[in-house]
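Chemist: Read top to bottom, the protein sequences are chains R and L.
End of the first sequence = 394 in numbering that gives the first Met the number 0, gap-free, step of one.
End of the second sequence = 396 in numbering that gives the first Met the number 0, gap-free, step of one.
Hints were generated in silico from the structure; no laboratory data involved.
Source: prediction; values computed, not measured.
Don't take each hint at face value.
Unchecked claim - Computed, partial: chain R to chain L, Cβ under 10 Å:
id, residue
1, 3
2, 276
3, 278
4, 289
5, 298
6, 301
7, 330
8, 386
9, 390
10, 394
Glycine included, each C-beta is placed from N, C-alpha and C at the ideal position.
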Amino acid sequence: MTRPLTEDQRLLQDSARDFFSERAPVKALRAERDAGRPFDPELWREIAELGFAGAAVPEQSGGSGMGWRSIGLVLEAAGRTLVASPLTQTGLVGVAAIRTLGSEAQRERLLPLLAAGTATTALAFDEGAHHAPTGIAMRAVRDGDGWRLDGHKRFVPDGATASHILVAALAAPTPGAAESLALFVVDATASGVARRPLAMADSRGMADIELTGVRVADDMRLSGRTDLGSTMTDAGAAGLERVLDIARIGLAAEMLGAADALFTLTLAYLKDRRQFGQPIGSFQALQHRAARMLVDLELTRSCVTAALDALDDAEGGDKAAAAAAAQIPALASLAKARAGDTLHLVSNEAVQLHGGIGMTDAFDAGLYLKRARVLETLYGSAGWHRDRSARLEGY
Amino acid sequence: MSASTLEGFRSETRAWLEANCPPAMRTPLSEKEVVWGGRNAQFPNEDARLWLERMGERGWTAPTWPSAYGGGGLSPAENAVLQEELKRIDARPPLWSFGLWMFGPVLLEFGSEAQKQAWIPDIVRGRTRWCQGYSEPGAGSDLASLATRCEDRGDHFLVNGQKIWTSYADKADWMFCLVRTDTTAKHGGISFIVFDMRTPGVETRPIKLISGESPFCETFLTDVRVPKEQLVGRLNGGWEIAKRLLTHERQSISTAAFGGGGGLDLVEAAKQSVGLMCGQLADSDLRSRIAAFRMQERAFQLTVRRAQAEARAGGNIDHLASLFKYAAASLNQQRLELLVESLGLGGLGWEGDGFDPDALRATRHWLRSKGNSIEGGTSEINLNVVAKRVLGLPDPI
Chain R
0 MTRPLTEDQR LLQDSARDFF SERAPVKALR AERDAGRPFD PELWREIAEL
50 GFAGAAVPEQ SGGSGMGWRS IGLVLEAAGR TLVASPLTQT GLVGVAAIRT
100 LGSEAQRERL LPLLAAGTAT TALAFDEGAH HAPTGIAMRA VRDGDGWRLD
150 GHKRFVPDGA TASHILVAAL AAPTPGAAES LALFVVDATA SGVARRPLAM
200 ADSRGMADIE LTGVRVADDM RLSGRTDLGS TMTDAGAAGL ERVLDIARIG
250 LAAEMLGAAD ALFTLTLAYL KDRRQFGQPI GSFQALQHRA ARMLVDLELT
300 RSCVTAALDA LDDAEGGDKA AAAAAAQIPA LASLAKARAG DTLHLVSNEA
350 VQLHGGIGMT DAFDAGLYLK RARVLETLYG SAGWHRDRSA RLEGY
Chain L
0 MSASTLEGFR SETRAWLEAN CPPAMRTPLS EKEVVWGGRN AQFPNEDARL
50 WLERMGERGW TAPTWPSAYG GGGLSPAENA VLQEELKRID ARPPLWSFGL
100 WMFGPVLLEF GSEAQKQAWI PDIVRGRTRW CQGYSEPGAG SDLASLATRC
150 EDRGDHFLVN GQKIWTSYAD KADWMFCLVR TDTTAKHGGI SFIVFDMRTP
200 GVETRPIKLI SGESPFCETF LTDVRVPKEQ LVGRLNGGWE IAKRLLTHER
250 QSISTAAFGG GGGLDLVEAA KQSVGLMCGQ LADSDLRSRI AAFRMQERAF
300 QLTVRRAQAE ARAGGNIDHL ASLFKYAAAS LNQQRLELLV ESLGLGGLGW
350 EGDGFDPDAL RATRHWLRSK GNSIEGGTSE INLNVVAKRV LGLPDPI
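Produce the complete structure using the sequences and hints provided.
Modeler: Listed below in structure tokens is the structure:
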């Protein structure tokens, strides 16, 4: 249920916005890109030190225990300036995977490393150019007291740089049992891991990853919970679906931040740029386009907020938590699709409304546009999530 | 207010509603059963009359209005509890009223003490039905160009002119009305007056719409004598009141008035009429458009809830009224287009036994919905308001 921010969350939001706008403005991304680096390790150290990486990590595991809405606020602030860092893949997705699927021992061991930023993770899920939860062919087979992984993953965000790869693979939990999806924590430097960095349009560190007979100890298989319920056909994938939904909601927060900041930039230009002797923002044709973008942004903010709140409300074992949990798949798809559509619109309009300057590499609009499409596509396009929403409603 | 006092209020409220809300008032409200109140109030049944009587007596038709004028005198937090409790038992609204949604809020803000005493209690109790005299044949989107003349005749005003699109003028008891009291200033020459519809010289004529219904009227005003104490606010100070009232109107339109669909659920109607193939709507193009619409609708509902939560926390959400009105109108039109499309030719029947009554209602609602983006400020005007007042974009030179 939607609620106003707490005092702590307001402070976190302010400090995240201040930090990213001063320490990591868009020109920092441009500098990293021009230097050929996916991110600045010193920036990541500072992000972790400020507690942003551990915002969703419980206090007993070295985090600030502020919850999903809080990491959402941090990601939204980071999205505003297109911050390039392991924050999304580690502080959101990695934390979600270990909190959701890890045993108590795994949580105690791994979460402090992620909160401190000393370990970084990359979720290796999809094996093609499109999000396809039913298309996983990566196999894990029993090998002595551990597992042996074979297969390949494509377009893994942060895949070239993360210290640990979270690999989704089909595995039989006990000998002879039916295979189901499980998540394995794989040391990126392990023997048999081949990473091929991909130069993507958004200048982030994606990679294709090939696993050939990679040995993984049994205690690196995340398998703690099977009680989450699933709308995927594979019952064993229940927890994994929750992890994906958290990732989708976090990306939606990041997209909301990017769309809001780019809209603000565009609005300022409409007031500033003069043609025919007046600001172009005085023309009704442009005013209506700006107003429609605001409508989209307001609706998107509501969806993202409701989805993050549902994640927090779903913690705990009571009836209210179960009711909130049941809403997560629909809200995750709603937030991801809505934020994707909004950022799509705003990123196109930003270029058009800026005219020629919007087409130049020196101007920021292009960087937003490129990042926008990657975020829109990751973990399901708007179309994919509309299809899922229809399935969830039984048509 | 402390949480424990609030919980005390909740249990009292729950007990009172349990004892006073008739069971028949805990079922979905159909259009024919709406209670508009007024001198000639129509009630679908005795329970509806009783429900209005009891809620009105407690001031809970207008929960946050001051109790000095018959309102409920509740704090925003208490009102939130009341609304939750009403929703919990699916209680019908006891009264629909332009007095509650539009006129009352501005009268509380701009009216004199005597005016509030005279008119507010009857709005709360549903004893007076109000109508809105805004648009004129020559003043639609450009409302401030209105020309209905109002002359000072010493001890009274004399009003001459014509209003149009006056919702339910033929059924209303009183009108709140924008008139021109100065022809030398556009916005600064408008005043806000009210009068009894029985006053000599007031004549109404219903307008038949494309949906076949006549919810709107032309209102002719010929030498209408209006007592001077029926001027609200100051002379030539009506435009500010008019704009405030529009804000209330747009909020109420977007949160309450749209949504009638002739009793048909879009997804269910599509499933039955179009059919499923492998668990999915057989028309895949329609399916994706319905899914997109349903998500947009959910996003809008979440936004209304977020705004309400912000308002309860003390935030001002007036600036969102135009945005909400624009979005709500567009959504309602999309929904009814999709509904009619889903029903095929069965959704285009006009009358008679050959059609499902719900489908016939869908046809009429679909046609009526075309007005959603025109009434209460066109979508274009609402986008103008968002651009100027929310985004701060300049006027053309």
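Chemist: Please write out, lowest number first, the hints stated earlier that are contradicted by the structure.
Modeler: none
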